[in-house]
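Sequences are here, hints too, so could you generate the full structure?
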Amino acid sequence: MKKTVFAGFGGQGVLMMGYVFAVAAMRDGKEVTYLPAYGAEMRGGTANCTVVVSDEEIFSPVASSPDFAVIMSKPSLLKYEGIMREGGVVLLNSNHVSRPLTREDLNSIRIPAVELAKELGSERVVNMIMLGAFAAYTKMTSLDSIMNGLSEIVKDINPSVMKLNRKGLDRGAEYILKGDLQ
Amino acid sequence: MKKTVFAGFGGQGVLMMGYVFAVAAMRDGKEVTYLPAYGAEMRGGTANCTVVVSDEEIFSPVASSPDFAVIMSKPSLLKYEGIMREGGVVLLNSNHVSRPLTREDLNSIRIPAVELAKELGSERVVNMIMLGAFAAYTKMTSLDSIMNGLSEIVKDINPSVMKLNRKGLDRGAEYILKGDLQ
Amino acid sequence: MTVKPKKGRIVIDSRLCKGCYLCISVCPNKCIVISEESNEKGYHPAEFTETKDGKDRACTGCALCACICPDIAIEVYRE
Amino acid sequence: MTVKPKKGRIVIDSRLCKGCYLCISVCPNKCIVISEESNEKGYHPAEFTETKDGKDRACTGCALCACICPDIAIEVYRE
Amino acid sequence: MEKLVFTRPRYMKKAPFHYCPGCGHSIIHRLVAEVIDELGIGDKTIGVPPAGCAVLAYDYFDVDMGEAPHGRAAAVATGIKRILPDKIVFTYQGDGDIAAIGTAETIHSANRGENITVIFVNNSCYGMTGGQMAPTTLLGQKSTTTPGGRNKDRDGAPIDLSQMLALTQGAAYIERTAVNSIKNIIKTKKALTKAFKVQMAGIGFSLIEILSPCPTNWKMSTVDACRRIDEEVTQTFPLKVIKDETA
Amino acid sequence: MEKLVFTRPRYMKKAPFHYCPGCGHSIIHRLVAEVIDELGIGDKTIGVPPAGCAVLAYDYFDVDMGEAPHGRAAAVATGIKRILPDKIVFTYQGDGDIAAIGTAETIHSANRGENITVIFVNNSCYGMTGGQMAPTTLLGQKSTTTPGGRNKDRDGAPIDLSQMLALTQGAAYIERTAVNSIKNIIKTKKALTKAFKVQMAGIGFSLIEILSPCPTNWKMSTVDACRRIDEEVTQTFPLKVIKDETA
Amino acid sequence: MNKKLLMRGSQVIGEAAIRAGCRFYAGYPITPQNELPEFMSGAMASLEGGTFIQAESEIAAINMVIGASMAGARAMTSSSSPGISLKQEGISFLAALELPAVIVNVMRGGPGLGNIAPSQGDYFQATRGGGHGDYRTIVLAPAHGQELADLTEKAFEYADRYRTPVMILADGMMGQMMEPVILPDPVNLDTLPPKPWVLDGAQGRPSRIIRSLILDTVGMEEHNWKLERKYKMISDEIPRAETYMTEDARLVVIAYGTAARIARGGIKRAREMGLKVGLLRPVTLWPFPERAIREMSRLVKDFMVFEMNTGQMIDDVKLSLEGRSNVHFYGRPGGVVSTPDELAKAISSLYYRQNLKKEG
Amino acid sequence: MNKKLLMRGSQVIGEAAIRAGCRFYAGYPITPQNELPEFMSGAMASLEGGTFIQAESEIAAINMVIGASMAGARAMTSSSSPGISLKQEGISFLAALELPAVIVNVMRGGPGLGNIAPSQGDYFQATRGGGHGDYRTIVLAPAHGQELADLTEKAFEYADRYRTPVMILADGMMGQMMEPVILPDPVNLDTLPPKPWVLDGAQGRPSRIIRSLILDTVGMEEHNWKLERKYKMISDEIPRAETYMTEDARLVVIAYGTAARIARGGIKRAREMGLKVGLLRPVTLWPFPERAIREMSRLVKDFMVFEMNTGQMIDDVKLSLEGRSNVHFYGRPGGVVSTPDELAKAISSLYYRQNLKKEG
Ligand SMILES: Cc1ncc(C[n+]2csc(CCOP(=O)(O)OP(=O)(O)O)c2C)c(N)n1
Ligand SMILES: Cc1ncc(C[n+]2csc(CCOP(=O)(O)OP(=O)(O)O)c2C)c(N)n1
Ligand code: SF4
Ligand code: SF4
Ligand code: SF4
Ligand code: SF4
Ligand code: SF4
Ligand code: SF4
Ligand SMILES: [Mg+2]
Ligand SMILES: [Mg+2]
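Just so you know, the sequences run in chain order G, L, Z, R, F, C, U and W. With my numbering, letter number 115 in the first sequence gets 1443, and the count goes up by one each step, no holes. With my numbering, letter number 66 in the second sequence gets 1394, and the count goes up by one each step, no holes. With my numbering, letter number 20 in the third sequence gets 26, and the count goes up by one each step, no holes. With my numbering, letter number 25 in the fourth sequence gets 31, and the count goes up by one each step, no holes. With my numbering, letter number 227 in the fifth sequence gets 281, and the count goes up by one each step, no holes. With my numbering, letter number 55 in the sixth sequence gets 109, and the count goes up by one each step, no holes. With my numbering, letter number 84 in the seventh sequence gets 234, and the count goes up by one each step, no holes. With my numbering, letter number 54 in the eighth sequence gets 204, and the count goes up by one each step, no holes.
Honestly, the hints are just simulated from the structure, not real lab data. Worth double-checking, as some hints may not be accurate.
Stretch-level coverage of chain U by chain L, calculated; a stretch enters the list once three of its residues show a Cβ under 8 Å from a Cβ in chain L [unchecked claim]:
#1 321-333
#2 403-415
#3 484-492
All C-beta atoms in this analysis are idealised placements derived from N, C-alpha and C, irrespective of residue type, glycine included.
Below is the structure:
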């Protein structure tokens, strides 16, 4: 059973990342839960969700001791660093989160997702790049599954957008696999 | 412990009779309860109340098996005749209730209260006449106690009205004591 | 040209009547009075003063009495 | 007769600013811009373009920016 | 040949009314029943009686009737009508019911333009509960909770709900009438007819506010109660068509 | 010599607001705090915050604040003011709070002429709960419960509560303003000052309805949201003094 | 001592409330408790600083009480069953906001519109909290006129002491009936303990907040446990029950309010028949006098719960006993008032059925 | 079989309701259940004969449901704790009028405004009737996404079968969470049993009355006993509980809804530690599965009630057991969601404290 937190600002597509990942994992035949955080915090604040993927029944969908965190903003790092499971892995969008982790028992993987997205010609795919990297790193699902998940969720999606998303996923995965890590 | 029901139409001063009697009995040192009937029946319907007088604690103030009934209207007779205690006594305003009782185990005392009131010059004292008769018959309280009760309840009462009330009480009592009974 | 006035007649259900006497207050021809008798409920019901075969019938069957009677105690017949 | 325009200055608390840019939209003298830096909350705060001792100061201290600022992020000083 | 020209209408059951002598409720009942009959809608009408003196209205109306909690008749009627848009749905409500506890439900039903007919019986008091102040109680009027007479400063002035409702876009027809005289009774029947026709035509929310005598709580003779409506109540609540979107 | 001519008002705590960027609530908060300061009533003012985006208003206002259940602020304020007639009591309510669930409480408080000041923030939606239709949502406006836009037949048209309140005798001062521009912000502050003064003078119920941008739920930029108020919202809710009994 | 007066129950509550310092009443008419607001409308008008408001609804009334309580007043509202249901959100708020207030429920037959006859159908609602969330309401159950006065006074005292809403659970018979009552002396408002939490303008002190929204779950948990500790304290301090002829009893009837009154009559008759029967009458329904009942179970093996409903308090009796004795039930819902005779029959039937006559 | 979909809980309820034939929804926004009315607003609009109304309040919503139910529709409303308190009068009316309806309570922390975190603070309100009078509401407690679908379908079925309101008691976590769900097939509205009591105009039959006012106490008593018989029947027919690893258990946790889900996790961990622990999960909260618990008490001497509140269902467990076994409690109120680990610790601590490790 693996717990992942996706966290950032509203508008960064954070919830979408988690949702697509959860659908992908479900179609892979796993047990999954997806829990968005909701609060009286007004919009424009933080957004985050927790996805649990498991081969067995999932008891608690909440973000206690997550194994992974995909962090898109500084406040999110602040919020989640403290509750990570020992040895957990934090994937950071390093263009938004420059500071290093304070906990030494965690691994961090820094992905300059905004830069990479710009290279691809659209800042819109920042989340796909992070998701691609996440999938490649954790091997919890495949990029194909994610693409299937995407088309299941977003009906009538523009083929060119789909293509761009795929590019984003690929670029993120590549970044991990090619060992571009700083 | 004695239960008395006072019953008639609204506007006949039925509730007043019971109330005055209850206050009088309380001042005599008795335990008393007074329970007016209340219903969704609109005004202009029936009015009745139950007074329980006892030397001991009173358990139930409701009109189950009353010992006495002071009945001012035909529907009231209908309503209460059936539930009287065996051997109970019904005091009837015979000007409004002409029919005889149907139960043979009850005693009835017929008082032509309207006639008597007219003799006194005011139909307003019909209820006082009935109350005087009731007190004289049952000996549960005295006419003086009733007068005291009246002045306790009705503040600022006109002395001439008080006099008239007294006359009514007297006339009712006299009707019983003089054996005018038909 | 004189119009022959219609003749009317009402029937008051004295069990339904509650003695509000609104009928009396509206009858243009004063055909209704208060009964001396009281009904089951203790009301003195309204009473129609005319009979079907009576002479000098004033009631026109205008139904004003019935129209205002709150207790639908009045039926009106007209010739 | 020319009135000597008052000189003004504002201080934007970048921690409070949420980047709504309403201040920019109302400043008659275009003294406010969007900062390149983002703050703790992820907003790019508004930034005052002038300094206290700068030349050609355009800000009059009219306080329109502060008046519309939803986050009370602006203090205004006037000479 | 003598003909029966006035008798109990088809949609009034034979039961004697429990109302006080001279009460306007029963006149209004009869008028509603007559209108239902004349419009031929008796077998597709559903009524929603109130809590109030007319709480037993279902014992009198011979149409389907469903009870609403105090003040919520318009919401209940909304539920019925939305499910059965081809039926005719009316509520029957007292002034306390509709203009105090039911204020929100009434205003919002009107605002949504619910295609129902509301019969709003304004007797300027809480009749059923024994004559307390109602939202419509006149200034100076004594009631069991305004023993010294209704006082504007303590209790507020009477509220004119019908005027408020007229401000909503969904209200199609609103008229204030009375049942204190033959003339007004006839007008009331016309108004009721119009209100039901508005519903039958699907035009929107219709409401007839009817000034109705309550001799008991006004502590007046029946005739004086009728007179009071002309002389006093209509000063605060003038009889008129308040809104007419059918024109 | 340089002088500080604009800073956080005395009766606003130092806490950063939790509102979205460009939200009108926080502008209104500041104006109210300024008015309280200028009228010198800060240490005798009691505020009643709403359920709504401004539910945490007590974290910002540095005066005594007591929470009311959703929609019932006017009733709570009534209780406070009747006990402490010399204090200044205001409610702060959203359009959903005041004109939907709180319809009855608001109308009847106005009608009783409760000597309180109501600040009615009309952002034409339920902000806090995520942008559902409010009673004030414009026709055609999309919301999460009117995905196809508000439809008069299904949802009713926007309700003008302030106009309704103006019909009550107890309402002394009612004005509609906006905070979408400097000009309107200044007018709003004047209106708020007047409203509190009406209360201080004991004249009766005062209410300022303030059109307020909600860029988040309108899904607009902050500047466009301000523009929408001028171009669209004021068409349905024109800015004006709706009632003035002080004249 | 004050003079004994023949007073109607609803008026007793009103008089006692005012003597207890109640200065704010808001209510909405509903039978069978109209005489209480009616009395209050006159009484408050002639009282310096007294406020009576006929609210537009029960909801408005309870919220006015919230406001008056925030402002420091001893405040009260009253209604009958359906109206009390409408007040549940407000009562939950009072509990959460820790505001004192007194709520009178003159119960009637139910559910729904029901009827206006005396009933005890709202026991669950009153004692379990008809509103939402973890909270409790102190519930006092007077059984006769004098207690209406005494417990009304207590209600205000408890409300202030524990900063919590207190309910007086009566019924239409109690409200309508007149009995001799000796009213308590009026309290001196100036000698009541100060309330250092009221909202009265922040003059000379930091501003205050009264609120129940606690978005942070940890803070909310803390608040809930704080309330829970308070409820525990109340449960330790105020449970009260009265006994009648229980010394040698083999069967003990448990009943409250009007039912208890009737039960006394039934028991007296049963005693006349030679049956060893007694009564335990809970005066506080929450906190329930568990200990008194548990202790009694050492000697008594059969309890008969008598309620004017289909069986609600019986749960609390069973919870008190946890199987230690037999719990039987006799009840009639819908506004039927049993007679003492009827109850005596029910008692004797049970008595013989359980074979309690046997030499003991 | 329908396809497995990853769906948000509130949407599952909505979809399942429509498939169960719900054609009327009225509600008022309140977090954390807004997604349900939002879903309904779209879904009903695209459904022939479907009605969605955003009511002006919770009270209006429940009364609209009363009307729609009178008119024969399968009708639903939903809210969260404070809003459910406001519906109590209406729910009492539904019960009294014998009208079917489904009410969803997505509970949040309370009392008062509380917070929007998942909580189980409304157990008493739901199961005891927060409204007035002798009535009961069927209460179903789903514990995961699939059950949200299945029990929603059941809720409509029970409501119609017993002509009574049915409550679905969920919490914010369930409402917000997405899980794989297989939706049931839509029912065919034409094959549902006829309702020979609806108000649809008296065409060709005598006129009908639906009412709850019964002024005559005898009639009211009769109506109450009639309802009571119905509740008895329901108590016989539908109680349901699920067990997990109870075969050899020495300690059984009793929990429902989200708490039960967490309890399974805690129990699994406890089993890994070698503790013989199981779970009994009530699926129906009213009627409470008393028999299942009582039967289990023959083998199990220690029960641990686990709730997300300060202890409410524990009463029902004790009432089921009447002293037959020990009843312990672990709970956290105010929206705190315990973790399986935390629960495992609570379990093991109790296990050792009760000395259950001993050879058995
Ligand atoms: C929730 C609730 N509150 C109060 C009542 C009591 N009640 C019944 S009818 C009524 C008002 C009666 O006045 P009105 O609506 O004007 O009708 P009227 O009797 O005057 O015709 C009240 C307050 C109730 N039944 N339910
Ligand atoms: C009884 C109750 N019902 C519903 C809610 C949920 N709720 C909180 S605020 C609100 C309305 C928000 O809209 P509005 O009043 O317009 O304020 P805004 O957020 O737009 O400023 C609602 C429905 C609640 N807290 N209590
Ligand atoms: S109007 Fe009708 S009820 Fe009134 S007196 Fe005439 S007949 Fe009788
Ligand atoms: S029908 Fe006309 S004339 Fe005849 S009694 Fe009636 S009112 Fe009088
Ligand atoms: S004070 Fe006036 S000129 Fe200066 S920055 Fe602000 S708006 Fe611009
Ligand atoms: S108005 Fe205020 S919050 Fe908005 S951008 Fe300018 S300084 Fe920042
Ligand atoms: S109290 Fe008034 S409204 Fe009610 S029945 Fe009597 S007269 Fe009619
Ligand atoms: S949702 Fe709208 S009203 Fe609420 S804080 Fe955000 S912008 Fe303001
Ligand atoms: Mg009325
Ligand atoms: Mg709003």
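Cross-check of the supplied hints:
1. By the rule of at least three residues with a Cβ nearer than 8 Å to a Cβ of chain L, the coverage given for the segment 321-333 of chain U holds, with 7 such residues.
2. Coverage of the segment 403-415 of chain U by chain L holds in this model, with 4 residues showing a Cβ closer than 8 Å to a Cβ of that chain against a need of three.
3. With 4 residues bearing a CB less than 8 Å from a CB of chain L, the segment 484-492 of chain U meets the requirement of three and the coverage assertion stands.
This entry satisfies every hint, going by the numbered hints stated previously.
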